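Novice: Listed below are the residues making up each chain.
2 protein chains.
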Amino acid sequence: MNKIYVVGIGPGAYEKMTIEAEEALKKCDTIIGYTVYIDLVKDHFADKEFLSTPMRKEVERCVMAFEEANKGKTVAMICSGDAGVYGMAGLIYEVGKDYPETEIKVIPGVTAAVSGAAVLGAPLIHDFCLISLSDLLTPWELIEERLRSAAKGDFVCCLYNPSSVKRHDYLMKACDILMEHKSGETVCGIVNNIGRDGEGMKVMSLKELRDTEVDMFTTVFIGNSQTKVIKGKMVTPRGYKNV
Amino acid sequence: MNKIYVVGIGPGAYEKMTIEAEEALKKCDTIIGYTVYIDLVKDHFADKEFLSTPMRKEVERCVMAFEEANKGKTVAMICSGDAGVYGMAGLIYEVGKDYPETEIKVIPGVTAAVSGAAVLGAPLIHDFCLISLSDLLTPWELIEERLRSAAKGDFVCCLYNPSSVKRHDYLMKACDILMEHKSGETVCGIVNNIGRDGEGMKVMSLKELRDTEVDMFTTVFIGNSQTKVIKGKMVTPRGYKNV
Numbered sequence: 021m022n023k024i025y026v027v028g029i030g031p032g033a034y035e036k037m038t039i040e041a042e043e044a045l046k047k048c049d050t051i052i053g054y055t056v057y058i059d060l061v062k063d064h065f066a067d068k069e070f071l072s073t074p075m076r077k078e079v080e081r082c083v084m085a086f087e088e089a090n091k092g093k094t095v096a097m098i099c100s101g102d103a104g105v106y107g108m109a110g111l112i113y114e115v116g117k118d119y120p121e122t123e124i125k126v127i128p129g130v131t132a133a134v135s136g137a138a139v140l141g142a143p144l145i146h147d148f149c150l151i152s153l154s155d156l157l158t159p160w161e162l163i164e165e166r167l168r169s170a171a172k173g174d175f176v177c178c179l180y181n182p183s184s185v186k187r188h189d190y191l192m193k194a195c196d197i198l199m200e201h202k203s204g205e206t207v208c209g210i211v212n213n214i215g216r217d218g219e220g221m222k223v224m225s226l227k228e229l230r231d232t233e234v235d236m237f238t239t240v241f242i243g244n245s246q247t248k249v250i251k252g253k254m255v256t257p258r259g260y261k262n263v
Numbered sequence: 021m022n023k024i025y026v027v028g029i030g031p032g033a034y035e036k037m038t039i040e041a042e043e044a045l046k047k048c049d050t051i052i053g054y055t056v057y058i059d060l061v062k063d064h065f066a067d068k069e070f071l072s073t074p075m076r077k078e079v080e081r082c083v084m085a086f087e088e089a090n091k092g093k094t095v096a097m098i099c100s101g102d103a104g105v106y107g108m109a110g111l112i113y114e115v116g117k118d119y120p121e122t123e124i125k126v127i128p129g130v131t132a133a134v135s136g137a138a139v140l141g142a143p144l145i146h147d148f149c150l151i152s153l154s155d156l157l158t159p160w161e162l163i164e165e166r167l168r169s170a171a172k173g174d175f176v177c178c179l180y181n182p183s184s185v186k187r188h189d190y191l192m193k194a195c196d197i198l199m200e201h202k203s204g205e206t207v208c209g210i211v212n213n214i215g216r217d218g219e220g221m222k223v224m225s226l227k228e229l230r231d232t233e234v235d236m237f238t239t240v241f242i243g244n245s246q247t248k249v250i251k252g253k254m255v256t257p258r259g260y261k262n263v
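These protein sequences, in sequence, are chains A and B. So in the numbering used here, spot 177 of the first sequence is number 197, and the numbers just go up one at a time. So in the numbering used here, spot 213 of the second sequence is number 233, and the numbers just go up one at a time.
No wet-lab data here; the hints were simulated from the structure. Keep in mind it's a predicted model, so treat the numbers as computed, not measured. Glycine included, C-beta positions come from ideal geometry on N, C-alpha and C. Don't take each hint at face value.
Facing chain A, a subset of chain B residues (Cβ under 8 angstroms, in silico) [stated by the list, open to error]:
| id | residue |
| --- | --- |
| 1 | 127 |
| 2 | 250 |
| 3 | 252 |
Input sequences plus hints: build the corresponding full structure.
Specialist: Laid out in structure tokens, this is it:
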């Protein structure tokens, strides 16, 4: 049977991939992905065929994967982080409706929420929400509703896609909504270029975060009411009762 | 400087660990963890010293790690899944206040939300909440508030610790709260023994989930309003607009 692996390669550095992901890539004839992700693994798999489509051509990339599999090749579709968190796994299943003869296997990886948390300390020890601020495919009103719900429930929040050229003030808007229910003193953190050259982190208050410029390679963390700073790290306790 | 690695070893099977996690374990003299996790890695590291404390003795386990590090040993504290999601990373930082001479490094891993999602299909493609139903350290009223907030915001929800001997009806209670704002027909899924012997999954409606018995080795997924079933898999689209 034809087979497509949908592989999360982790945040960037090769060793942040799982052993299972590495084994799947070794088994493949063809590795397909956005060019930036291809560049992260290419040197380790010199004997493979690499194919790519530009950003925003995700449907075309999935069709390409199934067409290659149809030629009898074992194909890996690679994603940064995890393939199932804002990744290609969903689209592969949707496009796969037209290719019933192809088996799909998702190989999980370390998503930016988890790898970024490890850089910041331990912000995600308790219940959290993952919210993307990109309104490309989601109405902004729903994103606002989610931010409000998350703040009301005292969730730790992790924000993906906090900014882009067109959306330079979205993080500021998001912080204003969160501050309807969260204190401006809430402990927050940002991590950029996780697991890559230039990795950096900063811990700050929600008020400070509101006025911080971030780019699209930044992941943002907003603590719950219990989150604190320990030796410069952002740490959420494992509960609300004394440990 | 003394060093403690806090290592997420993934859901169970050895190859679901990252290459970085494996390298950290190789560098260590002593590996500390709950006995179940020790058993998952022991055969691969026969030359290491293994130490353990029983369940619920997590503070003691952290103190043990720092005391061993103080003897000049390089120590790994292992957790299943990721060390930073309901894991030991937070407590290590808290206990570490008394051991300022010890460096802490968190090595992220694949948490059950992510590895379970890969088994079910692609349920976490869009914004989601992670909520633990354990009220050991969190007031049940806050858990209810979070479930309500998550349902109102049309988040995909992933539930950890959905049941235990003492809390056999908590999943039922949680589903009733979610159904205040989510349809009973919402696509849901459960995964048990992720990445271990006896791994299984089932896709069902929220109404059916309400009356399903689960155990403590089960991770539960509740879709958003767009989540659908494709070839028996649980798939959440990447947005609310036509792709």
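Novice: Give a verdict on every hint.
Specialist: Now the hints, each set against the structure:
1. 127: 7 angstroms, holds
2. 250: 5 angstroms, holds
3. 252: Residue 252 of chain B check fails; min Cβ-Cβ to chain A is 10 angstroms, beyond 8 angstroms.
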